[in-house]
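Please put together the full structure from these sequences, using the hints given.
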Amino acid sequence: MSLDDWILSLHVLSAFALVAAEVAFTIMVVSLWRSDSPARVAGMMRVAKVGALMVMIGISGTLIFGIWLAISLDAYQLWDGWVIAALILWALGGFLGQKSGEGYTAGGELAEKLSAEGVTSSPELAETFGASRAFWFHNATLIVVLLILIVMIWKPGA
Amino acid sequence: MTGVIAAIRPDEWNVPLLVHVLGAMILVGAVMTAVVAQLSADATAVPARMRSVAFRTLLFLGIPSWFAMAAGAQWIYDKEFGDVEEDPAWIGIGFITRELGGLLLLIATICAGIASRKNKSGLAKASAILAAIALIGWVVAIWAMGAKPD
Chain A
32 MSLDDWILSL HVLSAFALVA AEVAFTIMVV SLWRSDSPAR VAGMMRVAKV GALMVMIGIS
92 GTLIFGIWLA ISLDAYQLWD GWVIAALILW ALGGFLGQKS GEGYTAGGEL AEKLSAEGVT
152 SSPELAETFG ASRAFWFHNA TLIVVLLILI VMIWKPGA
Chain B
832 MTGVIAAIRP DEWNVPLLVH VLGAMILVGA VMTAVVAQLS ADATAVPARM RSVAFRTLLF
892 LGIPSWFAMA AGAQWIYDKE FGDVEEDPAW IGIGFITREL GGLLLLIATI CAGIASRKNK
952 SGLAKASAIL AAIALIGWVV AIWAMGAKPD
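Chains as they are written, first to last, in our numbering: chain A, 32 to 189; chain B, 832 to 981.
In short, the hints are calculated from the structure, not lab data. Please read these numbers as outputs of a predicted model, since none were measured by experiment. A virtual CB, placed ideally from N, CA and C, is assigned to each residue, including glycine. Watch out, some of these pointers could steer you wrong.
Here are the computed distance ranges between Cβ atoms for each label pair [to be verified]: (1) A:Gly161 with B:Glu917: 49 to 57 Å; (2) A:Ile98 with B:Ser952: 42 to 50 Å; (3) B:Lys910 with A:Glu133: 42 to 50 Å; (4) A:Leu109 with B:Ser952: 48 to 56 Å.
The following block contains the structure:
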């Protein structure tokens, strides 16, 4: 096995970490849909924290190892259309995911505070974990991640 | 370089590869979520709810995505290795982790279902450990799919 084989493997593992994190966030969103219970939200925040760690591994790993491969392999160049498209989508996905994360993190912090105070119901939480801005940003992130996967597999123009 | 060369493939392999990879990615995410939910359940104020989420995740997302991953794998295998006498090592790793992982996933889901219904903490943790072992196997498979050792 060459170094490039290892780098490709780490690139794929990073991509799996990124998508696995998005799946974890989606499960959190679905399981907490319109939930007003601070205890339930605080409980699921443990899953979200692991997801956030996976996003950091995935987003940095896909970029670093992806650029490495584009430079190292003769078959691909950094200025190939599909590589540029993937980089633009990567940046867009990162922006949308961050916006979504900000909304849900604020909801999670509020839930942990309310749960510690013994509050059992919060309309603000029900709003955050319903069709909020964070929810739409999350859906947009999912679409972008799917598009990145399609670009990576089809490699249009390669 | 076999993995890198294999990354340049005929277009007709793309749809089965998408089904295989997307199924595997959702599978890994679902099982990871279920493991975290099970292992952290007792540390939350809503352990029964966390066990229920873990069970439903395995049942409604984990198992269907395993079938998508497995079907995609078989589909692309038939296209890529249909006429080949001997499979490379990475294909063997993929088959072993797919089958054993699927069995562990099934047992973990049954354990999670009983643990959720009867609120059994020990069984929930057993389910999480079984799912985590399957997850480790799949991480090895992901490495093998990328690096493609001979």
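ask   = Tell me, which hint numbers fail for this structure?
value = none
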